[in-house]
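Build out the structure end to end from the sequences listed, making use of the hints.
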Amino acid sequence: MKFAYYPGCSARSTCAELNEATHRVAARLGLDLISIESATCTGARELRAIDPIGFFTLNLRILALAEREGLPLMTICNTCTLNLLDAHAAFLEEPGLGETVNARLSAEGLRYSGRTRISHFLWVLYEDIGLDRLRELVVKPLNGLSVAAFYGCHITRPPQRYGFVDSRNNIALERLAELLGCQPIDYSGRTECCGFHTAAHDERVAFKLTGQHIKSAKSAGAQTMVTPCPLCHTVLDGFQREIEKDMGEKLDMPVLHLPQLVGLALGLTPGELRIDRHIVDTSSIQSWRHIA
Amino acid sequence: MSHSVAAAAAQQGGARTLGQVERHDTLAARNARLADGDQLTVRVRRFDEGRGPELEHFQVPYRKWMRVLDALNWIAENSATDLAYRWFCGSKMCGTCAVRMNGREVLACWEAVEPDMTVEPLRNLPVIRDLVVDRGPFERKVASLEPWIERTSPYPGFPEPLSHRQMKHSSQALDCIGCMACYSACPVIGLGALTDFAGPAPLVQLAQTALDPRNNSEKVARALAATGIFHCVSCYKCEEVCPAHIPIVSGAIEPLKARAAVLVPAMARHSQILRRIVAARGRVDPGALVLGVQGLSALRNFPRMWRMLMRGKINPLRTLLGLRTAAARPARRLLAGRGPTS
Chain A
1 MKFAYYPGCS ARSTCAELNE ATHRVAARLG LDLISIESAT CTGARELRAI DPIGFFTLNL
61 RILALAEREG LPLMTICNTC TLNLLDAHAA FLEEPGLGET VNARLSAEGL RYSGRTRISH
121 FLWVLYEDIG LDRLRELVVK PLNGLSVAAF YGCHITRPPQ RYGFVDSRNN IALERLAELL
181 GCQPIDYSGR TECCGFHTAA HDERVAFKLT GQHIKSAKSA GAQTMVTPCP LCHTVLDGFQ
241 REIEKDMGEK LDMPVLHLPQ LVGLALGLTP GELRIDRHIV DTSSIQSWRH IA
Chain B
1 MSHSVAAAAA QQGGARTLGQ VERHDTLAAR NARLADGDQL TVRVRRFDEG RGPELEHFQV
61 PYRKWMRVLD ALNWIAENSA TDLAYRWFCG SKMCGTCAVR MNGREVLACW EAVEPDMTVE
121 PLRNLPVIRD LVVDRGPFER KVASLEPWIE RTSPYPGFPE PLSHRQMKHS SQALDCIGCM
181 ACYSACPVIG LGALTDFAGP APLVQLAQTA LDPRNNSEKV ARALAATGIF HCVSCYKCEE
241 VCPAHIPIVS GAIEPLKARA AVLVPAMARH SQILRRIVAA RGRVDPGALV LGVQGLSALR
301 NFPRMWRMLM RGKINPLRTL LGLRTAAARP ARRLLAGRGP TS
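The listed protein sequences derive, respectively, from chains A and B.
Position 250 (the first sequence) corresponds to 250 in this note's numbering; numbering is contiguous.
Position 306 (the second sequence) corresponds to 306 in this note's numbering; numbering is contiguous.
These aren't lab readings, by the way, just hints derived from the structure by calculation.
Quick caveat, the model's predicted, so the values are computed rather than measured.
Here a beta-carbon is modelled for each residue, glycine too, at the ideal position from N, C-alpha and C.
No incorrect hints appear here.
These stretches of chain B come out as covered by chain A in the derived footprint (C-beta under 8 Å, 3 or more residues):
| no. | stretch |
| --- | --- |
| 1 | 183-191 |
| 2 | 237-243 |
| 3 | 256-268 |
| 4 | 303-313 |
In structure tokens:
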């Protein structure tokens, strides 16, 4: 199975371990990931607000690059995924947008015609690999590991994109965790916001919001959290020491990227999955009896 | 949870929507779980001066197509005649009956009951009694934003030369019924005085006039400067609960941010810096973004930077040398040389 692979900026910088883990897991799953090196940033939340045409152009260019390869596009970041899905929908729905953007893309011989399928790694597991095949590939079930799934906003909202009347009903991560042998934990923060998107100019919102979520996961008995989004991971893991300071209590909650959790169950070692590259100590996971 | 359900969902390509069917994510599905005469367990959060807040339990007999409002009416008629709650039209128009049902903002008049449900007042507004909240903070905020149109050119006569495209966002915002569901759902408003964020409901009210091309841009700039709009975390919780289905983030808040970037550029500084970095390097370099936005005060975060450096999560060399990626050339061509909103 071949995919054009779009890691996004975060997995190439602050979450480089996610990029490495994804490549390792993809190899185990039989996914052939084709890098599209000239793909730009999708514009995060900032560009889409202040420069809509620039935003559509960058996103549709990424989709055009995948279309030129004749491949579906696999993402590993929630915000990139929603940006690409939104740009694709606008391309189909907004009169004139396609022509405007294609005119600008034509300088490098690119053209988007609306055929690229966009799929997050989580969806690829369900839709392309299939749960039956995945179950066969699990060689080290993570029996009993209690996992708090943290979805992040942009993989489950807005409702007009994903269709949930109540995004809390999303159970894709819990189902997956269960399949890997884990014990999924129910807690109040599952589908709440980490606050990443205002963190560059005011971190306090992210500290306060994410502090509540980690605490609720901890109280519910989670040994680790897992997230499909590197932006959420940056706040959950990268900011956790500052969050602890802000709250005045220790949390010490390890946070795994989704491909890392899958990879452990597929028999990859914590080292291969770069689980040692996190800010919060993950030795409790690494020494988990079914992994060590 | 059975694996067969997950497998069936996977076959239907349901990974994006897994949970919708299993958890009865539609009103019809919820109604289908109940039959006439079933007893509903309803817990209502009661509060009055000198009493509560406390949850009071009621048993309510289900009748076909019963709504949360019908259950409240039954309780007020049969069990607790002093129950305070607001409603007027009963048909999704007046916006007075919003409450929280099982942790989610709903219009009582438009929501199917659950077999087991907790009904609470909206969050983020003072409670007057039981389910009745004080809308004062919202109304005062909206009034302070001067939500009316001031023309700067004379009325050209009817019909005015306006296109659908020009009026798209402001007319979408006019669907707002002022129910405050979004205001209650907003996590940033939930943090209280930590930020000066106006919140989704006031911003939708502002969008009705501020995004109207006939409006006086000086007045709009004044209003935008008082919204703290860049504190929106883009979580879409407001859109999720909006009974009028207004795309609050993408159709009101983001267009307002775009206006702010032009009329009050200082507010959008962080967004402009991100745009410049993407235009120059093709991708976001987090170090460059933090340095650009916070300047030398970023050094306060030295302990975190050190931890990230030790784990190979940041690369100061790349940040300082401004190393370009293979994406830099197309990004420069597509973004540079144009104004942010051209």
